[in-house]
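The lines below spell out each chain.
There are 2 protein chains.
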Amino acid sequence: MSEEASWFTEAHLPSGSSIGFRVTRKLDEVRTPFQHIEVYETTDWGNLMVIDGCVMLTSRDNFLYHEMMSHPALYTHTAPKKVVIIGGGDCGTLREVLKHREVEGVVQCDIDEQVTRLAERHFPELCESNGDPRATLMFDDGVALMAGMAPESVDLVIVDSTDPVGPAEGLFGAKFYESCIRALRPGGILVQQSESPLAHLDLIRTMRSYMRGAGFAATRTLPFPQPCYPTGWWSCTLARKGVTSFEFRERGAETKQFPTRYYNAAIHRAALATPEFMRSALGD
Amino acid sequence: MSEEASWFTEAHLPSGSSIGFRVTRKLDEVRTPFQHIEVYETTDWGNLMVIDGCVMLTSRDNFLYHEMMSHPALYTHTAPKKVVIIGGGDCGTLREVLKHREVEGVVQCDIDEQVTRLAERHFPELCESNGDPRATLMFDDGVALMAGMAPESVDLVIVDSTDPVGPAEGLFGAKFYESCIRALRPGGILVQQSESPLAHLDLIRTMRSYMRGAGFAATRTLPFPQPCYPTGWWSCTLARKGVTSFEFRERGAETKQFPTRYYNAAIHRAALATPEFMRSALGD
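Chains as they are written, first to last, in the working numbering: chain A, 1 to 284; chain R, 1 to 284.
Take the hints with a grain of salt, since some may be wrong.
Same chains, same label: a pair holds when it works inside one copy or across any pair of copies.
[Stated by the list, open to error] In silico SDA-like links for lysine to any residue, alpha-carbon gap of 20 Å or less:
| no. | residue 1 | residue 2 |
| --- | --- | --- |
| 1 | LYS99 | GLU276 |
| 2 | LYS82 | ALA135 |
| 3 | LYS81 | ASN130 |
| 4 | LYS99 | PHE277 |
| 5 | LYS256 | GLU276 |
| 6 | LYS256 | SER280 |
| 7 | LYS256 | ARG279 |
| 8 | LYS256 | GLY283 |
| 9 | LYS256 | PHE277 |
| 10 | LYS256 | LEU98 |
| 11 | LYS256 | ASP284 |
Because the hints were derived from the structure by calculation, they are not lab data. Computed from a predicted model, the values in this text were never measured in an experiment.
Work out the full structure, taking the sequences as your base and the hints as a guide.
Put into structure tokens, the structure is as follows:
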């Protein structure tokens with residue numbers, strides 16, 4: 001790549017659309033046993049991480065995703081103490097989770113250590129809480145971790161993974177959800193990134209059906225903007241063990257003691273609103 | 001363009017990002033006195049209209065924009081009877097406005113008749129209400145139209161324009177807003193497309209400052225997803241004459257007698273939630 005600005009473009013064939021960023025140079029590149037990771041410097045979006053040709057995050061817009069993968073679930077749980085993050089190797093979700101003082105311990109398990117090593121180098125702001133004594137970083141198979149987790153030992157499982165192809169495929173399967181619900185205490189929550197409401201409704205429907213099949217009492221999909229992902233619109237899906245409501249600790253969210261850039265109590269309430277076409281398709 | 005699928009990509013230099021669609025062929029192309037209009041057939045997004053290289057709409061995702069440019073403003077007004085649409089030549093906003101039975105008359109004024117002619121040909125579903133006896137289609141300069149409008153004769157002005165460069169530039173200026181507020185009855189509303197919350201906060205801030213300078217009592221910016229526009233996230237800004245609240249007719253929205261695909265009462269409430277970074281920047 002020359003010094004002159006060029007473009008990194010991800011063509012997303014299943015939705016027939018593409019998103020690109022103007023880049024100035026490639027900063028890093030590794031081929032791991034799991035995937036091909038690249039990091040670019042962009043003109044307007046800070047640094048850009050790409051895995052197997054798919055945009056993972058940019059410095060500029062990752063706050064939308066990381067805040068929405070963490071705070072809605074944490075404020076929905078009445079007292080989240082033990083958290084497991086599956087995937088999340090860039091450590092941005094971990095940083096948000098650790099902003100909650102009532103959280104006593106977080107285990108983060110990404111299959112690929114190199115994601116974290118590259119994040120430390122090129123997205124240091126996302127890794128600033130990695131040394132928190134409450135955090136444990138593991139590099140292992142998340143499916144196996146959850147299968148071996150002690151029953152009723154966890155309050156919140158966050159699945160912050162790549163798309164449901166390749167290494168992450170097992171994280172969208174019925175067996176994995178059965179492991180999760182067994183590991184969760186009553187009232188526990190599973191939250192998972194669930195792709196684009198506009199392009200992946202079938203996937204969302206299947207995930208939710210598997211979640212309910214595994215015994216979760218209720219599911220809810222929260223959309224949010226995410227410019228760097230296909231269609232620019234993304235979602236997370238929450239599943240609750242033994243509780244059907246998605247009411248949250250509004251007072252806690254309104255008086256939160258830490259900064260955010262997208263999330264606040266009003267945005268949380270807003271994310272619980274379901275667009276008309278999703279109501280029809282998902283029955284929310 | 002060959003029969004094999006290719007791509008139409010809009011590189012948006014101010015934000016250093018691009019959005020593209022997989023296209024199969026060019027369906028139409030005209031150079032008008034105002035602009036260069038192209039229509040493509042895509043693999044997954046229906047038809048695609050491009051003006052001067054900028055994506056205007058696709059068959060698949062225009063419902064987001066058209067519903068959010070119309071229903072929030074119409075349900076915020078207590079009794080919208082007379083509506084003016086400036087721009088909006090594809091007629092999608094007009095169609096949504098005419099779904100409201102209390103609307104007695106709509107004047108749509110786009111500077112370029114060819115936008116409407118191409119919409120009739122390639123987006124006929126958006127033009128299905130053009131024959132409604134309440135609708136008047138004009139092809140003229142919207143700035144001049146509003147400057148000549150009788151004082152206190154209109155309930156709602158919708159500015160559904162292209163970006164604030166070229167033909168639409170005057171629609172983002174102080175003089176235009178002065179014309180609008182003079183033409184509006186007390187309680188009247190101006191709603192204008194206001195670009196991306198993530199990429200164009202400066203523009204939004206300037207627009208709102210001009211609106212208040214022209215005498216509008218309050219402004220509010222409502223974000224919504226829009227995959228085909230830069231960053232995939234867009235907004236409209238409402239300005240009210242003589243009223244500072246953005247409360248809306250929730251009961252009316254909840255019992256609406258017409259179909260929508262994105263908008264509903266919960267989505268309207270949700271769009272009034274302001275992300276944390278916009279609160280800081282705009283003081284909402």
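When no copy is specified for LYS82 and ALA135, does a C-alpha distance of 20 Å or less occur within a copy, between copies, both, or neither? Only inside one copy: LYS82 and ALA135 sit 10 Å apart there, 60 Å across copies, limit 20 Å.
Should LYS256 paired with ASP284 be assigned to within, between, both, or neither, using CA atoms and 20 Å as the limit? between (28 Å within a copy, 18 Å between copies)
Same-copy or cross-copy closeness of LYS256 to LEU98 [CA-CA at most 20 Å]: Within. Shortest intra-copy distance 13 Å satisfies the 20 Å Cα cut-off; inter-copy 43 Å does not.
Under a CA distance limit of 20 Å, which applies to LYS256 and SER280: within one copy, between copies, both, or neither? between (34 Å within a copy, 16 Å between copies)
Reference check for the pair LYS99 and GLU276, CA-CA at most 20 Å: within, between, both, or neither? between (34 Å within a copy, 16 Å between copies)
Between the shortest in-copy and the shortest cross-copy C-alpha distance, which are at most 20 Å for LYS81 and ASN130: within, between, both, or neither? Answer is within; shortest intra-copy Cα gap is 17 Å, inter-copy 58 Å.
Evaluate LYS256 and GLY283 at a C-alpha cut-off of 20 Å and name the case that applies: within, between, both or neither. So LYS256 and GLY283 pass the 20 Å test across copies only (19 Å; inside, 32 Å).
Please sort LYS99 with PHE277 into within, between, both or neither, judging by C-alpha distance up to 20 Å. Intra 34 Å, inter 18 Å, cutoff 20 Å: inter-copy only.
20 Å Cα threshold - placement of GLU276 relative to LYS256: Intra 31 Å, inter 12 Å, cutoff 20 Å: inter-copy only.
Reference check for the pair LYS256 and ARG279, CA-CA at most 20 Å: within, between, both, or neither? For LYS256 and ARG279, only the inter-copy Cα distance (15 Å) is at most 20 Å; the intra-copy one is 31 Å.
Alpha-carbon proximity context of LYS256 and PHE277, limit 20 Å: Intra 33 Å, inter 15 Å, cutoff 20 Å: inter-copy only.
The structure is consistent with each of the numbered hints, conforming to all of them.
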